[in-house]
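Colleague: Here is how the chains run, residue by residue.
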Amino acid sequence: QKEVEQNSGPLSVPEGAIASLNCTYSDRGSQSFFWYRQYSGKSPELIMSIYSNGDKEDGRFTAQLNKASQYVSLLIRDSQPSDSATYLCAVNPFFNKFYFGSGTKLNVKP
Amino acid sequence: GAGVSQTPSNKVTEKGKYVELRCDPISGHTALYWYRQSLGQGPEFLIYFQGTGAADDSGLPNDRFFAVRPEGSVSTLKIQRTERGDSAVYLCASSPSQNTEAFFGQGTRLTVV
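Line by line, the protein sequences give chains A and B. For the first sequence, my numbering assigns the number 432 to the initial residue and increments by one for each residue that follows. For the second sequence, my numbering assigns the number 1301 to the initial residue and increments by one for each residue that follows.
Careful, some of the hints might be misleading.
[As the list claims (entries may be wrong)] No farther apart than 30 Å at their CA atoms in a straight line, the calculated lysine-lysine pairs in the BS3-like style are these:
(1) 473(A) to 1317(B)
(2) 473(A) to 540(A)
(3) 498(A) to 1311(B)
(4) 1311(B) to 473(A)
(5) 536(A) to 1317(B)
(6) 1315(B) to 473(A)
[What the hints assert, rightly or not] Listed next, the stretches of chain A that the computed footprint assigns to chain B, with coverage defined by at least 3 CB atoms under 8 Å from CB atoms of chain B:
(7) 453-465
(8) 502-511
(9) 532-539
Note that these hints are calculated values from the structure, not bench results. C-beta: ideal position from N, C-alpha, C; glycine also.
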């Protein structure tokens, strides 16, 4: 079992819609969770971090964490074509390394 | 510079050669990570430094790979006797401390021919 699982996609949504990206993790003791955006040929860019159960909002982005279900999600409201990228979920279970999922590719269609 | 800097951006080397990849973290960041990313995959952990010491090197694939951070700032990833399977993008990230947000450099694309 991989430490972090993501649906590889692609997830296609129309411009202006809500994109919902999901991630599950295996280590119940994990304490910190991150979402990165990666454009093709570029390095990962941090967009959200979340450390406690519930929702955290930053502009059009909302991260949701449910530790009981070992589930992290990212909602992107009013999706734009510029949001088209691969979204990587990262989990830091041991305070010394981040495990990444393989990423979900998001396509926002104009 | 404001961000993590990696050099070179691209490196092409012949099978069997030795390469060094350099990472200059964000000033003041004590934690430094090396990852490797192959096409279509997420970053794969290689090694983590806290200060000068390698706190976790469990991700290094074999003894051909070695990394140092002698003064607690710049780090060098060293690969001996390169193999074609070592071809990937090598990513460096730094964070203010462990368990906090990590910021990536632009990566070094290594191609072994």
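Colleague: State for each hint whether it applies.
Modeller: Hints versus structure:
1. 473(A) to 1317(B): Holds, at roughly 26 Å.
2. 473(A) to 540(A): Measuring from Cα to Cα gives roughly 21 Å; hence the hint holds.
3. 498(A) to 1311(B): violated, 41 Å
4. 1311(B) to 473(A): OK: residue 1311(B) and residue 473(A) at ~16 Å, within 30 Å.
5. 536(A) to 1317(B): At roughly 35 Å apart (the allowed maximum being 30 Å), residue 1317(B) and residue 536(A) break the hint.
6. 1315(B) to 473(A): Roughly 26 Å separates the two Cα atoms, so the pair holds.
7. 453-465: Our answer is that it holds, as 3 residues pass the Cβ test (under 8 Å) against chain B, meeting three.
8. 502-511: violated (count 0)
9. 532-539: Answer holds; 3 residues pass the 8 Å Cβ test.
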